[in-house]
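Undergrad: Residue numbers (this note's numbering), protein chains in the order written: chain V, 1 to 416; chain U, 417 to 832; chain Y, 833 to 1248; chain H, 1249 to 1664.
Do not rely on the hints blindly, as some may be mistaken.
Cross-link-like lysine to any residue pairs, in silico, SDA-like; alpha carbons within 20 Å at most [stated by the list, open to error]: (1) U:Lys491 x H:Thr1622; (2) Y:Lys960 x Y:Thr1112; (3) Y:Lys1056 x H:Val1318.
A few chain H residues that don't get close to chain Y, going by computed Cβ distances all over 10 Å [as the list claims (entries may be wrong)]: (4) Ile1254; (5) Val1325; (6) Asp1372; (7) Phe1438; (8) Tyr1452; (9) Ser1505; (10) Trp1526.
Some, not all, of what chain H presents toward chain V, calculated at C-beta under 7 Å [as the list claims (entries may be wrong)]: (11) Leu1299; (12) Gln1304; (13) Ser1350; (14) His1351.
Rather than coming from a laboratory, the hints here were simulated on the basis of the structure.
Only a predicted model underlies this, so the values are computations on that prediction, with no experimental measurement involved.
Just so it is clear, CB atoms sit at the ideal spot from N, CA and C, and this is done for glycine as well.
Number of protein chains: 4
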Amino acid sequence: MNKKKIINDPVYGFVSIPSGLIFDLIQHPYFQRLRYIKQVSMTHLVYPGALHTRFQHAIGAMHLMSLAIVTLKAKGVAISEEEEEAALAAILLHDIGHGPFSHSLEHTIINGVSHELLSSLLMDRINKDFEGKLDLAIIMFNNKYQRNFFHQLVSSQLDTDRMDYLCRDSFFTGVSEGVISFDRIIAMLFVVDDELVVEQKGIYSVEKFLIARRLMYWQVYLHKTVVGAEQLLIKILQRAKQLSNSGVSMFATPAFSWFLTQKIDKSNFLADESHLDWFTRLDDTDIMSAIKTWVQHEDKILRVMCQKLMSRELYRTVMSNEPFSEELMAEVYRRVKSHFHASDDELQYYVFTQAIHNSAYDIHQDTIKILMKTGEISDIAEASDLSNLEALAKKVQKFTLCYPKELGYISIPVKI
Amino acid sequence: MNKKKIINDPVYGFVSIPSGLIFDLIQHPYFQRLRYIKQVSMTHLVYPGALHTRFQHAIGAMHLMSLAIVTLKAKGVAISEEEEEAALAAILLHDIGHGPFSHSLEHTIINGVSHELLSSLLMDRINKDFEGKLDLAIIMFNNKYQRNFFHQLVSSQLDTDRMDYLCRDSFFTGVSEGVISFDRIIAMLFVVDDELVVEQKGIYSVEKFLIARRLMYWQVYLHKTVVGAEQLLIKILQRAKQLSNSGVSMFATPAFSWFLTQKIDKSNFLADESHLDWFTRLDDTDIMSAIKTWVQHEDKILRVMCQKLMSRELYRTVMSNEPFSEELMAEVYRRVKSHFHASDDELQYYVFTQAIHNSAYDIHQDTIKILMKTGEISDIAEASDLSNLEALAKKVQKFTLCYPKELGYISIPVKI
Amino acid sequence: MNKKKIINDPVYGFVSIPSGLIFDLIQHPYFQRLRYIKQVSMTHLVYPGALHTRFQHAIGAMHLMSLAIVTLKAKGVAISEEEEEAALAAILLHDIGHGPFSHSLEHTIINGVSHELLSSLLMDRINKDFEGKLDLAIIMFNNKYQRNFFHQLVSSQLDTDRMDYLCRDSFFTGVSEGVISFDRIIAMLFVVDDELVVEQKGIYSVEKFLIARRLMYWQVYLHKTVVGAEQLLIKILQRAKQLSNSGVSMFATPAFSWFLTQKIDKSNFLADESHLDWFTRLDDTDIMSAIKTWVQHEDKILRVMCQKLMSRELYRTVMSNEPFSEELMAEVYRRVKSHFHASDDELQYYVFTQAIHNSAYDIHQDTIKILMKTGEISDIAEASDLSNLEALAKKVQKFTLCYPKELGYISIPVKI
Amino acid sequence: MNKKKIINDPVYGFVSIPSGLIFDLIQHPYFQRLRYIKQVSMTHLVYPGALHTRFQHAIGAMHLMSLAIVTLKAKGVAISEEEEEAALAAILLHDIGHGPFSHSLEHTIINGVSHELLSSLLMDRINKDFEGKLDLAIIMFNNKYQRNFFHQLVSSQLDTDRMDYLCRDSFFTGVSEGVISFDRIIAMLFVVDDELVVEQKGIYSVEKFLIARRLMYWQVYLHKTVVGAEQLLIKILQRAKQLSNSGVSMFATPAFSWFLTQKIDKSNFLADESHLDWFTRLDDTDIMSAIKTWVQHEDKILRVMCQKLMSRELYRTVMSNEPFSEELMAEVYRRVKSHFHASDDELQYYVFTQAIHNSAYDIHQDTIKILMKTGEISDIAEASDLSNLEALAKKVQKFTLCYPKELGYISIPVKI
């Protein structure tokens, strides 16, 4: 009997590991590290179920890729075994460079080193361990393969990455608005001239997918309390780095200590391999173990922020369609100074503002193509019978303001 | 122990029958009749699971009404026991006047008597049986009660009727695009000045509801094969009535015979109570038992149409955004005459066209109101951050053309 | 693009039609007839959602068969294309001989002609239409193929028929106790020496399957109200046949009239092909259209029974572990005579008793085989670590007694 | 508008926080700590979705308790507001004393202090903070309240604790065998003489519940790889404590350091409040941050065990129905010594054996009571028509043996 490894995934049921190479990639320590990196960082403070990890997401996206390939082959698209395995490996490793609380780290401790660059560096390392077996996967991932649809399945506006994270994030948050019909979308995929297209009768499923993504942005990813919690985390890391730079001893795991004490930018990160070595040992545990210990730190600002995060006494977050006025900010700062006796330098830890934006669909690049019943290829924005797509393409910008609840309610004229 | 009657509903799980009056209404023969009237008539020829009935739908909508009332009361809205029972009865009976394949009958055998009128007549009869206990329910149903929100929960652009049929139709068809978060919407309902409103944070759920409804229209209710099958049914009934009028003997149950042989319009329907008596004995079974028997009828046109419906050899249906040109229609008629030796009078049974239209949201009347965090009431079209609602409000019109597959593919320039 | 036909099934999502032959079989009028035969006859009077049909069940079982074949092939079991198509056709047609309310008909109007015989006769007819393409399918169905596992997948104690009906019946009734992990069971199937086996680690899933089946028997298939409704239907048909035999004119469709007026037994059924011809035109509609018309029949006994069925004023049903005593029966008969002025001959229509029994697992024949990790094949009853299987194998017998509610509650010493 | 706090729970949908007291309990730092303690410790190494926490479980069980109370009140059971809130608080706090990887800690670092004792101590502390508002909750929790059914709902063989963890663990593992019909069971609950009973028609649902629990034990809780991973964790903690005791410096958070360096038993734990203080700062993060750091520890035995856990190169685990023979163990030890050059003292870190056992139902104490239709109360084991319960009551014992994969496959005669 040919043994087939199977993983139980609550989202899809059984997920088969399609080949020995894929199995070995999953076993690699760099991939196992993803077990300890949550997919949606601090979101569990609002949606307690959202503790799922990039490990699960990567395997889920790989599963959807394998379903897509089965469908395309059944419709007569020629796909070689080598291409199939490369596509599976490329999607499996697409997030390999994510660190803990990625975006927070990128803005604080690992300044200027993007997770895309990290993914690329780590894929190269793994490829060495696998003696070049990932060559084609890396070419596909970097969009250098002439058959575009493989890259489009990995990364585009209708890729297996987005399909999985919408399914998965809505499953674990319980926000049913994000549920999409991934099986229906995949059943409608086809390839024309090596470009990914959707059969015309799948157009409503794609619209629903785009709308689900928009709803998940506003209900989950950019939920004001989630945004507030992640901003608080960034401020904690900034304060910790500031203290560390000024010579204060900070409890942390060795891996986290490395990044707290080093000055890192893109060029010295690339110059010294030990940065990447330490990076591969870093996950959510390192950050959280430090923060929970800093709850008793001597620095009051750090201590209070950590206490608030750990006991979920989050800052109050206000969201507005317009930037907050200078008058308002002056009033907030005045209150902070009076209540917390904070210096000008310290204000940044008590009040944060941020601009966030989102558009569900980008009509300018890499658009979703529809294969009409007539045989023509049409952009979805033209094929759809409603102007919905234009609406979805509109970039929505919002502004957040976070401040400690101790200040009481501040009357803020919010335009929504 | 107070016994509570419970119904197993695969959509919601357990549904409690909230009171003795509601239980007795369900037992009434007029309501039991709904067990034999499918909710979505011929849709099962495309989605085989869609055999659910108006009986199930009415009970489901009553269940959502009871959830809505629990929510509103928990938020402090004063609702008396009498009002509660009236609202439950009103929604339970809202479809009591539906006949088998309602819209087909309305256009053929029971000309000019709408199901709304029939519902009203039957509610009055039931109210007599219940010695006036339905007085307030009927007032609410007819939108004469001063506390508008009760009527709005029964019939508006965000009512428990629509919520149930979207949930139920998507459950039984398997079209997951129609799934809505009814619990989330209900949790966001509130009442201000006796008008139904939705709390601001429920805005995305309402948007999703409107979009789900639009998708269900195009994927299910107005699916071209469904439309084609229902048109075929109408033509069968027209032919049968025509034959009956010309003295041909038609097999049918006594109830169906009544309507095949009588000339009915609104005024003589209202004048003679026996019409309504016979109507209460009519359900899907009467129609289907006749059609399956007519498969062997001597009239060739009737016989062939019935054969096609029973063995699901449906007409080919083409859907276009523009009316079909006279040239095209002439060509189709020419082919029909040549292939079937059909006379001019008979052409209508071989080729049908129809204009269908839908808008997901009507911005002009009875709009959905949002209760902003500021306390203001705002129309959803203004409160939403995208122009989606305007898009959804656009009336979409389509045209269908059905012809027998024996004619082969006819090249039709379709604009989509 | 190779077009693949897809059916939306709410239970499994998308079901692909695997080949042109299978597609054509589904289109055959004998198979389309199954659209109008409910899977669980009168069960919808207790579980309103249970309106699903043998059409859906047959396609669902075919889908599970195709999943099973994919799994077995992936594990290295050699299966030819011809075998695959034959297995799919065999399961698709396994219920083709079912009539409306099968068991009721078998005991009344079509005496002594089993649905297994009817299936066999109809498969032969279809095979003629398909010029022998079903030869192998019929051999498999009749258990004459040397590779046993194909027949075992069609019909055994762990076949795709049972897997589908448990999934489907629990889906449409809403009785979640019947949910089984069909994907998990199928993933554990294997073949040794052409016999179907289950891998050892699938043992708990098989136990769960057997238990789910037992629970569905007692909660659904043998639910006392369901049993009562089906008994009532049998009595209606018996009375109608009796009246018809005595020369009373009975409204019915031509197909149903045939069976009401003919005296049929196995030998004359086989001798005259017209019996089978008429049988292929018979479905639930024929029976129900007659019953609803007989609500106004001149025979009081028939009329009252039909009224009770149509308005769901069912007989009271009592279930006991022991036969009802002669004293009790005498008392019940006495009350019937007094209340309804029924003659001795008529008593049978007012009071019915029935013995029903069920065992979840038969340890004596065609047992489920487990492939141990050691390579040995073991019977599941031995491989399981609990004596559960023995318990499940016990034949449970119960006795039902139905009588009209007009008699009031009759105190019956019931042993449970 | 009365504001009602709502939590999104992917298992049940919306969960309402029923009162201000319950809301404040959830906010308490001791309860927030449960956010960082996984419900099923190392199970995620086998079922990657199983990252859910005791925080979620406690809220879920509280939700089921509120549903049960609504049901009982609707059936006429008198329950005062005070009793209701006490029951909700008792179930919410029932796991408050759980530490990270509870059972591992109990056997290693916090010797002899059970989580039941810890729960009791922490409830008393919280009760002080809430000025005695938890008095009745604690009385119920400790089974001192005269109305037994409250304690039975918190802790018995059919309690809301078990109902929630079965639902939740099967949801997050994806093991559908564990799904139970909690709504159906709750709908069947009633109270007679202050004892919890189940109405007779709920008997099959209770059987299903017991069987689901048994299946979850063997497929999840006692899955051999899960057992192996948890044994490995225990061995890591034992080695760390041993090293710490012998003066080796161990990286750990302050809270974990406390327990690594202190000698704790029940009496000194109770004597010194600082033990409990430090305990309330301990969660999964502390343990995992140490283990991931020890991957580079100087002690080879500790280092290798930590590497294996972090990169999921788990020991091979064999499960048998009988103890492993002395001859076999001698052979395994011989191989370990030869391959790893391990001393006699070190053997315990390379080879572990364990006896595990489970019975799904205890027929001897606190049995489940059925309210028969006759009004009698019967034990479920007697009321059930099968001997299943006896089977389920049988205590099943199994033996596990874990050894490093480096030893190769060891042929072990396993009786299953």
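Undergrad: Each of the hints needs a verdict: does it hold here or not?
TA: Quick rundown of the hints versus the structure:
1. Our distance criterion of 20 Å between C-alpha atoms is broken by Lys491 (chain U) and Thr1622 (chain H), whose separation comes to about 42 Å.
2. Restraint check: the Cα-Cα separation between Lys960 (chain Y) and Thr1112 (chain Y) comes to about 16 Å, which is no more than 20 Å; the hinted pair holds.
3. Straight-line distance between C-alpha atoms of Lys1056 (chain Y) and Val1318 (chain H) comes to about 29 Å, which puts the hinted pair past the 20 Å bound.
4. In this structure Ile1254 (chain H) is separated from chain Y by more than 10 Å, as the shortest Cβ-Cβ distance comes to about 25 Å.
5. Separation of Val1325 (chain H) from chain Y is adequate, the least Cβ-Cβ distance of about 25 Å exceeding the 10 Å criterion.
6. Against the 10 Å criterion, Asp1372 (chain H) stays outside the reach of chain Y, whose nearest CB is about 40 Å from its own CB.
7. For Phe1438 (chain H), the requirement that its beta carbon stay farther than 10 Å from each beta carbon of chain Y is met, with the minimum near 18 Å.
8. The beta carbon of Tyr1452 (chain H) sits about 5 Å from the closest Cβ of chain Y, which is not more than 10 Å, so the claim that it is off the interface is violated.
9. The non-interface label for Ser1505 (chain H) is consistent with chain Y: the shortest C-beta to C-beta separation is roughly 42 Å, beyond 10 Å.
10. Chain Y leaves Trp1526 (chain H) outside its interface by the beta-carbon criterion, the shortest separation being 41 Å against a cut-off of 10 Å.
11. Residue-level restraint check for Leu1299 (chain H) holds (minimum Cβ-Cβ distance to chain V is 4 Å; threshold 7 Å).
12. Given hint, Gln1304 (chain H) at the interface with chain V, holds; its Cβ is 5 Å from that chain's nearest Cβ, closer than 7 Å.
13. Interface hint at Ser1350 (chain H): violated, since its Cβ lies 18 Å from the closest Cβ of chain V, which is beyond the 7 Å cut-off.
14. Here the hint on His1351 (chain H) is broken, as its CB sits about 21 Å from the closest CB of chain V, past 7 Å.
Violation of the numbered hints given earlier is confined to hints 1, 3, 8, 13 and 14; the remaining hints are satisfied by the structure.
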